[in-house]
Amino acid sequence: MTVSLDQLRRCHVAVDLGAARTRVFVKGAGLVVDEPSVAAVNTRTGALIAVGALAEKMTGRTPDYIRVVRPVSGGTVVDIEMAQRMLRHLLGEKLRRQLRRKPRLRAAACTPHDSDPLAQRAAVETLVGLGARRVELVDTLIAAAVGCGLPVEQPTATMIMVCGAATTQVAVLSLGAIVTAERIPVGGDAIDHAIIQHLRHHHELMLPSQSVRPLQLALSGNGLTPHGPASTEIHGRDVATGLARSVTVDTAAVREAIHTPLTAVLDGIGKVLRDCPPDLVADLADRGIMMVGGSALLPGLDQMLRDATGMPVHIAERPDVCAVLGLGAMLEGKVQPMVLDPLGDHRGLADDDGRDRGRDRDRAFADDLTE
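Going by the numbering used here, the first residue of the sequence shown is number 270, and it counts up by one from there.
FYI, nobody ran anything at the bench for these hints, they're computed from the structure.
Note that this is a predicted model, so its numbers are computed, not measured.
Backbone N, C-alpha and C define an ideal beta-carbon position, used for all residues, glycine too.
Honestly, I wouldn't trust all of these hints.
[Unchecked claim] Here are the computed lysine-lysine pairs in the BS3-like style, where the Cα-Cα straight-line distance is at most 25 Å:
hint: 1; residue 1: Lys363; residue 2: Lys296
hint: 2; residue 1: Lys371; residue 2: Lys603
hint: 3; residue 1: Lys540; residue 2: Lys296
hint: 4; residue 1: Lys540; residue 2: Lys603
[What the hints assert, rightly or not] Quick list of the computed label-pair ranges, beta carbon to beta carbon:
hint: 5; residue 1: Gly557; residue 2: Ile318; range: 44 to 50 Å
hint: 6; residue 1: Ala509; residue 2: Gly299; range: 23 to 29 Å
hint: 7; residue 1: Pro386; residue 2: Gly539; range: 38 to 44 Å
hint: 8; residue 1: Ala554; residue 2: Lys603; range: 42 to 48 Å
hint: 9; residue 1: Arg403; residue 2: Ala521; range: 52 to 58 Å
hint: 10; residue 1: Lys603; residue 2: Asp544; range: 28 to 34 Å
hint: 11; residue 1: Tyr334; residue 2: Arg469; range: 26 to 32 Å
hint: 12; residue 1: His471; residue 2: Asp385; range: 49 to 55 Å
hint: 13; residue 1: Lys603; residue 2: Asp576; range: 43 to 49 Å
hint: 14; residue 1: Thr532; residue 2: Gln423; range: 29 to 35 Å
hint: 15; residue 1: Gly557; residue 2: Asn311; range: 48 to 54 Å
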């Protein structure tokens, strides 16, 4: 963990700036913001037109002078000013007024594993611009593990897989720290792109951006398994004529297209297991993998991981908000560190005796030098 629990308990607000959604947790109030990380801007005047869900609905449906932007990409803030404006409107005037009353407002933010200093600096400056006097950074893997109830502070191995929109992070945790981890640049967006390319190349159909996620859900509850529906009807635009057209898509071919980007995720899991100590791998054989993140809800993804790794795979109860809820639990003091004091007071007496004997030897050596 990059920061101590005592420092986190002094924070008042926790922010999870994700590529797909932005979530804000306020101490004492709970989860107050859970909206898409999207903003719509008037390029003529620079005015902010909409944020969150309304701005997301505008994607691909705006005139030339309205631009829909995403200030966060891959868990990193790429447009600090726009991220600050988006957060201000998502929080609302009433909540911002309450936060301004804090004399020394402290904030905590989730950062992807192994993020570079520039990405961390961007997250800090985004929250400082909202009035935070101090910003604490916590690894997303640890925050998500706390949020889904894993025994992070215990000396047992826990494996977590954060399935985000732009990246997938896999790690093995023990004693409150990351033993080994891997960040894979494949997420829900890559799966959407694979489906779009499949329909374009094999059916000459351009799919609206708003219809990609429903297409995944159309694969039924069995999703990536062969037990789903044999075909699905998809509406889109013909590549050649530009007219609206409907095609019947073979779901087996769609599942094959989805499998292609997911092979990189399987390779990342294998690398983490190879780098992990053997004793911890033995624990993982029983405990398995915990999946969190919005893309963890892809139907059949957990079964595919079970078949590929031979390990139990579980999905958290609320996988999409685990990271910010874990950060909120740290803010409210619900996470207690494990206290290590196995030797008791007699060890302290022995240490005092040893220090006394060492001090006597030092004095004798100094006397010899003066003589």
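Hints and how they fare:
{"no.": "1", "hint": "Lys363 x Lys296", "result": "holds, 15 Å"}
{"no.": "2", "hint": "Lys371 x Lys603", "result": "holds, 22 Å"}
{"no.": "3", "hint": "Lys540 x Lys296", "result": "violated, 38 Å"}
{"no.": "4", "hint": "Lys540 x Lys603", "result": "violated, 33 Å"}
{"no.": "5", "hint": "Gly557 x Ile318: 44 to 50 Å", "result": "holds, 46 Å"}
{"no.": "6", "hint": "Ala509 x Gly299: 23 to 29 Å", "result": "violated, 52 Å"}
{"no.": "7", "hint": "Pro386 x Gly539: 38 to 44 Å", "result": "violated, 29 Å"}
{"no.": "8", "hint": "Ala554 x Lys603: 42 to 48 Å", "result": "violated, 29 Å"}
{"no.": "9", "hint": "Arg403 x Ala521: 52 to 58 Å", "result": "holds, 53 Å"}
{"no.": "10", "hint": "Lys603 x Asp544: 28 to 34 Å", "result": "holds, 31 Å"}
{"no.": "11", "hint": "Tyr334 x Arg469: 26 to 32 Å", "result": "holds, 29 Å"}
{"no.": "12", "hint": "His471 x Asp385: 49 to 55 Å", "result": "violated, 38 Å"}
{"no.": "13", "hint": "Lys603 x Asp576: 43 to 49 Å", "result": "violated, 36 Å"}
{"no.": "14", "hint": "Thr532 x Gln423: 29 to 35 Å", "result": "holds, 33 Å"}
{"no.": "15", "hint": "Gly557 x Asn311: 48 to 54 Å", "result": "holds, 49 Å"}
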